[in-house]
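If you're matching them up, the sequences are chains Z and X in order.
First residue of the first sequence? That's 301 in this note's numbering, and the numbers climb one at a time after it.
First residue of the second sequence? That's 301 in this note's numbering, and the numbers climb one at a time after it.
Simulated from the structure, these hints should not be mistaken for laboratory data.
Hints should not be assumed to be uniformly reliable.
Note that the list lumps identical chains together, so a pair holds whenever it fits in one copy or between two copies.
What the hints assert, rightly or not - Here are the simulated DSSO-like cross-link-like pairs (lysine-lysine), alpha carbons at most 27 Å apart as the crow flies:
| hint | residue 1 | residue 2 |
| --- | --- | --- |
| 1 | 508 | 470 |
| 2 | 414 | 523 |
| 3 | 501 | 367 |
| 4 | 401 | 501 |
| 5 | 470 | 367 |
| 6 | 523 | 470 |
| 7 | 356 | 523 |
| 8 | 383 | 373 |
| 9 | 380 | 470 |
| 10 | 383 | 356 |
| 11 | 357 | 523 |
Residues per chain are reported as follows:
Protein chains: 2
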Amino acid sequence: MKNLIVASTSTVHGSGYLDYLFPELSKLYDNVPEVVFIPYAQPSGMNYDDYTALAKKAFSSIGIAIKGIHEFKNPQEALKEAKGLFVGGGNTFLLVSTLYKFNLMALLKTLIEKGVPYLGTSAGSNICGLTMQTTNDMPIVYPPSFTTLGVVPFNINPHYLDPDPDSTHKGETRETRIAEYHGFNTTAVLGLREGSWLAVKGRSIILKGPLQACLFIKDKKPKEIPAQTDINRYL
Amino acid sequence: MKNLIVASTSTVHGSGYLDYLFPELSKLYDNVPEVVFIPYAQPSGMNYDDYTALAKKAFSSIGIAIKGIHEFKNPQEALKEAKGLFVGGGNTFLLVSTLYKFNLMALLKTLIEKGVPYLGTSAGSNICGLTMQTTNDMPIVYPPSFTTLGVVPFNINPHYLDPDPDSTHKGETRETRIAEYHGFNTTAVLGLREGSWLAVKGRSIILKGPLQACLFIKDKKPKEIPAQTDINRYL
Numbered sequence: 301m302k303n304l305i306v307a308s309t310s311t312v313h314g315s316g317y318l319d320y321l322f323p324e325l326s327k328l329y330d331n332v333p334e335v336v337f338i339p340y341a342q343p344s345g346m347n348y349d350d351y352t353a354l355a356k357k358a359f360s361s362i363g364i365a366i367k368g369i370h371e372f373k374n375p376q377e378a379l380k381e382a383k384g385l386f387v388g389g390g391n392t393f394l395l396v397s398t399l400y401k402f403n404l405m406a407l408l409k410t411l412i413e414k415g416v417p418y419l420g421t422s423a424g425s426n427i428c429g430l431t432m433q434t435t436n437d438m439p440i441v442y443p444p445s446f447t448t449l450g451v452v453p454f455n456i457n458p459h460y461l462d463p464d465p466d467s468t469h470k471g472e473t474r475e476t477r478i479a480e481y482h483g484f485n486t487t488a489v490l491g492l493r494e495g496s497w498l499a500v501k502g503r504s505i506i507l508k509g510p511l512q513a514c515l516f517i518k519d520k521k522p523k524e525i526p527a528q529t530d531i532n533r534y535l
Numbered sequence: 301m302k303n304l305i306v307a308s309t310s311t312v313h314g315s316g317y318l319d320y321l322f323p324e325l326s327k328l329y330d331n332v333p334e335v336v337f338i339p340y341a342q343p344s345g346m347n348y349d350d351y352t353a354l355a356k357k358a359f360s361s362i363g364i365a366i367k368g369i370h371e372f373k374n375p376q377e378a379l380k381e382a383k384g385l386f387v388g389g390g391n392t393f394l395l396v397s398t399l400y401k402f403n404l405m406a407l408l409k410t411l412i413e414k415g416v417p418y419l420g421t422s423a424g425s426n427i428c429g430l431t432m433q434t435t436n437d438m439p440i441v442y443p444p445s446f447t448t449l450g451v452v453p454f455n456i457n458p459h460y461l462d463p464d465p466d467s468t469h470k471g472e473t474r475e476t477r478i479a480e481y482h483g484f485n486t487t488a489v490l491g492l493r494e495g496s497w498l499a500v501k502g503r504s505i506i507l508k509g510p511l512q513a514c515l516f517i518k519d520k521k522p523k524e525i526p527a528q529t530d531i532n533r534y535l
């Protein structure tokens, strides 16, 4: 049975890395002594070792060991043996390119569907959708495909931002970008605000955290989804 | 001799579509009775006819006719006969995909290099760089390549936004995104603020408008370029 936390962000304003998720993570990784961390999204270009050290430090406070996938001889073997998985944020184009480069995308999907506990934050959540096409990131590398894990039946827009009515900037709002996406695609998009996450257990996909999420369905008005409800009810 | 206006945005706050550029456009399209408009970037999903009507209306105030590329039987022939070109803003992934679909990318480059006057705004400016990899847009479609016109020897980041020191949002700043780009690419990136444009004539690339632009060179501190100077001096 699938068992995931799909979080908009790793860090909420005024608090440390993953702090707000610790109570959930203790439950997600119940009886998992070591989690395999995938640092491929390299936020701000951070190298794999430094990024893994950050995750290690955070997880040490809940008594769970972290090992970076790059610390194993073979990344496929690393995943096959993993008892828990964590894919951190950064650049989604880079994350997806690297997962394809090492032939890990299909394997990751299989493992998640088998029930290996998975935490994704930001880019690591984006790839839980059917495609990465609602990422906010810059296309710093060219991935062989935009298709991602599809372990939830819609796309994710992490770090979702409401339009700022006072803005004088002419760049597209997030809502406009998602409308443009729906000009060419039919997949629903969930705008997940910072501080929100999805608790996925089997087929159930519960919105958690203090905030609503904004669901975009092609040719319909965006819909605010209340916390504590199953997203499936609105699809 | 190349002759382009490469503008960050079509519209500045509090003013109409292209208004602030009209004096420049009269000079750019001197003696050009009709400009071929490429509406492929479809801002907010706007269809080709509506987008072309918007450009027609704006250009009528400076006595220049506009014809949409889609109004010709053959888009390649349309470009070959064009005495002036305008590529409007919208979604860069869509624009680049469509240019490749109709085999127009190489042709467009050739025509610009031959001296056909060109106006780009936003996505239409982004494609003047070597690649589209510093776009701010959402990857709503999968282009066959990120390579673009390369009619300036760097990449463009249109609608450049300075980091907001008061922001509590954890999404990457524009500066962080460009730093991530430089983790994997060596091409310089020019952050062009709204209200700025480049006047390209042959090899000269003068920054115009009231603002500075921010130049990002790999492994160097970002540099503010004063208006009225040639970007080549800083490359």
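For each hint, the structure was consulted:
1. 508 / 470: between (33 Å within a copy, 18 Å between copies)
2. 414 / 523: neither (32 Å within a copy, 51 Å between copies)
3. 501 / 367: within (24 Å within a copy, 55 Å between copies)
4. 401 / 501: Classified as neither: same-chain Cα gap 29 Å, cross-chain 42 Å, threshold 27 Å.
5. 470 / 367: between (43 Å within a copy, 25 Å between copies)
6. 523 / 470: Close inside one copy (24 Å) and across copies (23 Å); limit 27 Å.
7. 356 / 523: This pair counts as neither: shortest intra-copy Cα distance 38 Å, inter-copy 36 Å.
8. 383 / 373: within (17 Å within a copy, 60 Å between copies)
9. 380 / 470: neither (47 Å within a copy, 32 Å between copies)
10. 383 / 356: within (16 Å within a copy, 61 Å between copies)
11. 357 / 523: Classified as neither: same-chain Cα gap 38 Å, cross-chain 35 Å, threshold 27 Å.
In this structure, the hints that do not hold are numbers 2, 4, 7, 9 and 11, in rising order.
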